[in-house]
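Colleague: Chain by chain, the residues run as shown.
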Amino acid sequence: MRGSTLFVPGQTVIHHLHPVTKLVITFLCLVLAGTLPSLPWLLTCFVVLLLPLAAIGRILRPFLLRSFAVIAPFVISLSVIQGFFTPGQTPLFHLGSFIFTFEGWLAGLTVAARILLALGGALLLMLSTRPDRLMLALTERGMPGSLAYVVLTAIQIFPRFQERAQVIQEAQQARGLEIHVNIFRRLGLLVPLMGPLVLSSIMDTEERAMALEARAFSRPGRKTSLLLLEDSVWQRIARWTIMVAALGLIVLSFWLKFAR
Amino acid sequence: MIQIKGLTYFYPGQERPALQDIDLQIPSGQFCGVVGPNGAGKSTFCYALTGFVPHFFRGALQGEVKLGQISIADANLGKLAGEVGLVFQNPFNQISGARFTVREEIAFGLENLGLPRKIIERRVDETIDLIGLGELAERSPFALSGGQQQRVAIASVLAMQPKLLVLDEPTSQLDPQSTQDVFRILDKLAGRVGTTVVLVEQKLEWLAAFADRVIVLSHGHVSLDGQPQKILSDEKMEKFGIGQTQYSLAAAAAKKKKLVPKSRDFPITLKQAIEFFK
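Those protein sequences? They're chains A and B, same order as listed.
Number 115 in numbering that gives the first Met the number 0 belongs to position 116 of the first sequence; there are no gaps in the numbering.
Number 23 in numbering that gives the first Met the number 0 belongs to position 24 of the second sequence; there are no gaps in the numbering.
The following block holds chain B by itself, in its conformation from the complex (with noise of 0.2 Å):
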């Protein structure tokens, strides 16, 4: 369970706060998307979970983030990765360097917390099966593509085992396919291993798809929070600069052009979709 209290953050030197009067309750096993136009602090709502905010940039933090008994502004960052994890945007950044395959690379996050190597060994192995890495983990992760890399990445972060797994926009330089496969993997977790995720994600219709919850953030603060449905489906979604979903975007002009009754409800996923124009 992730607690948000009153949180407001201010990075180093700036007078306008990057994120502003945040109050979330993350329950554990939540797949939880967020959303928002540039600048509205998604990062930055990253790092604050992760601990990279305060302990990385700095700057004044108020309020509180608790990840269950843990205060994340008293922990420190060594202890801290551990218990969350964090997945960026660009997967050639996150590839340790200092490992020569798939397999070790894995690794590296464990032997850093100095597990025994029996521990290890088990959880590189469990963690290959889970991500479907069978085939890569001989390899360099250098000699990876973009899609392959971020999943090794992923695998990185939770071969540690992390109670909660934060991504800022990990698919955004990933084609269809290798998107897919990171949402199947995040489902998976959520759903079947209990880890929480967050993640930060503009591909709307796979939001729509997989996720339990959806969280709108636009200047620093949250503007909308609910169910993927009632939150896609919104129509001040437009006005919050983040768009609509490829289906509400089709039926709201079907409406418009009165091919459909208005008293019909926005579709935001493909199967709605098909229900819609029936």
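If we strip away everything but chain A, and leave its shape as in the complex, we get (with noise of 0.2 Å):
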């Protein structure tokens, strides 16, 4: 599989589970993250519930490395912003007339583990599904076709972008265009780049549009998938549970929140 995706080949349990299921983990994920109180119930649900499904998928070391890459720079951010400006009772040092309070730097790991614990769900979801299938999933419920076929190319098709600007870039270079320069002077030679570049993917446009009617694009009526996607009784099963346990939460916090 080339093309920017996340995806990590595998047969696992977790990767032939329906696209749906996992969306709908996801989606629990998501409302876990924005309703959970506090931080300890935060980086439990992180450890209980996501990290086994990845260790399942055996994803587990990626899934670590993609979750604390987007992680670090959240936590080092809103710990810094929050705990300067949370009024708290324990201060932990201050810089200049700002002080730093225990509170506020939790409250800005709060936030991290709210965001980690959204992102986890996602991230599992994209490490053990293929785009194709995901979208194939999605079309089935209804999504236009239109809009799989662009998130799907835009995967595969940006790589090959890549290299073409690569290819482009080397000739100007054997013509005497100076790259290694600093990052002002290179910035500017984006414009003798972008105009080939672009020119020349609008010019493929026409002849792309015109390939893919000749492949039925456009023909009107049901369109079927050589891809087939297992589903069971378990995993609808699995689905509505978890659709009502995550609305069920929904509801809950906005009870306790009016309640109080």
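In case anyone wonders, no lab produced these hints; they're calculated from the structure.
Any given hint could be a false lead.
Simulated DEER-style distance windows between Cβ atoms [as the list claims (entries may be wrong)]:
| # | chain 1 | residue 1 | chain 2 | residue 2 | range |
| --- | --- | --- | --- | --- | --- |
| 1 | B | K270 | A | P143 | 29 to 37 Å |
| 2 | B | D128 | A | V46 | 47 to 55 Å |
| 3 | A | E205 | B | E14 | 17 to 25 Å |
| 4 | A | G187 | B | E237 | 47 to 55 Å |
| 5 | A | M142 | B | Q245 | 52 to 60 Å |
Note that beta-carbon positions come from the ideal geometry of N, C-alpha and C, so glycine has one too.
Put the complex together from the two separate chains, hints included.
Modeller: See below:
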């Protein structure tokens, strides 16, 4: 599989789950991230729910690496901002007149943990699901086929776009364009690159559109698929249970908020 | 059977017709080569056979193109897609991009036609066998060479089992080996499967060896039409800016230097050339 996708091929139970089942798990994570009250709850959920699923799917390593790569900047920036600007009883240190409080730091970490949990669900989905299977599952449930096409081609054509940019840049270099310069001059170099790159892509568009037409892309009526998505009664029950639980959580959290 | 009667076509906003008064009949299963200089209307001719003219490009169309009982001008592109196939010059642009393996890429058109899965599987397997893509079936279509991609593009259109296959210079970006592969496939199709093949091609030697018929287009109308032997050795070919096969050129030079008697027929294939120079 070539293209800009996170998918890690595998034959595990997690890989074979119906994409919508995983999408529902992602939704649950999103709801949990939004409703759980405190840091320990959030981290426990991440560890007890997502890590075992990632381990079963044999994607624990990429799962953790990607999670931390995304979450680290949030942890730092949110800690700093919340730490200095949330008033609290327990000052940890101060910078001039700004006081860094423990309560603020905790609040920052809590927001970061919410992001981690929500992101984790999506990561699990992306790492273990082939994009075309996900799109097929969604088109089967009413998403327009043209939208699925746009998503899937974007995944595959973008790297080709980069390759083409590389070729154009090398050709320009061969004719004496200096590209090893400082960052500001380098931004200027995008101008001669974008011209040929964008123009050649626009010229390709007509032929691409015709080639798609020749493959009956715009034919009205139902489409079928060579891919077969496995589904089961158990998964259907699990999906409904999780959906009900997630919606229940939302209702419960609103009730708690307004009952107080 | 394709019937073209009084076909004249203007692109939108153009005063000069791209195609002018074309009358042709192409019987089913014929392998028909189309040659002509730049701007002769070869691509437009391909589009007119497959419905892109007038349905994609708009413009004004006079006359009639009929594929069996279907009038191309009255049908729509979605409906025509299963009946006619069009293969383009650039292999890369024909890969849909929405599928991740060659096998699925070939199935893409069939999925759009809404065929049952069992039939899709069978047709994809048949096409893979016919075109000889077995080893590439599970690879990404983007990880292939130009020649391999072009074979995938042809397979993708063929799987839809069109009655008419139109190819617009499909070998212009291919190496000699891939060119040979493409011609072998087309020959097999026209000969065994009974698909009508219309091929625009600059490589005259290949047309001489494989085509049943050659049509010469210039300035949007048919200038010459007949068997390759007759057309490709015609001295008028030079006038149309198409040139001649290497074999005819060598023969002409030999005749001029009186190395060979003038009465001998111009050769257009390697086999004939060997006879000629004996």
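Colleague: When the hints from earlier in the document are held up against this structure, which numbers fail?
Modeller: Of the numbered hints given earlier, the structure breaks just one, which is hint 1.
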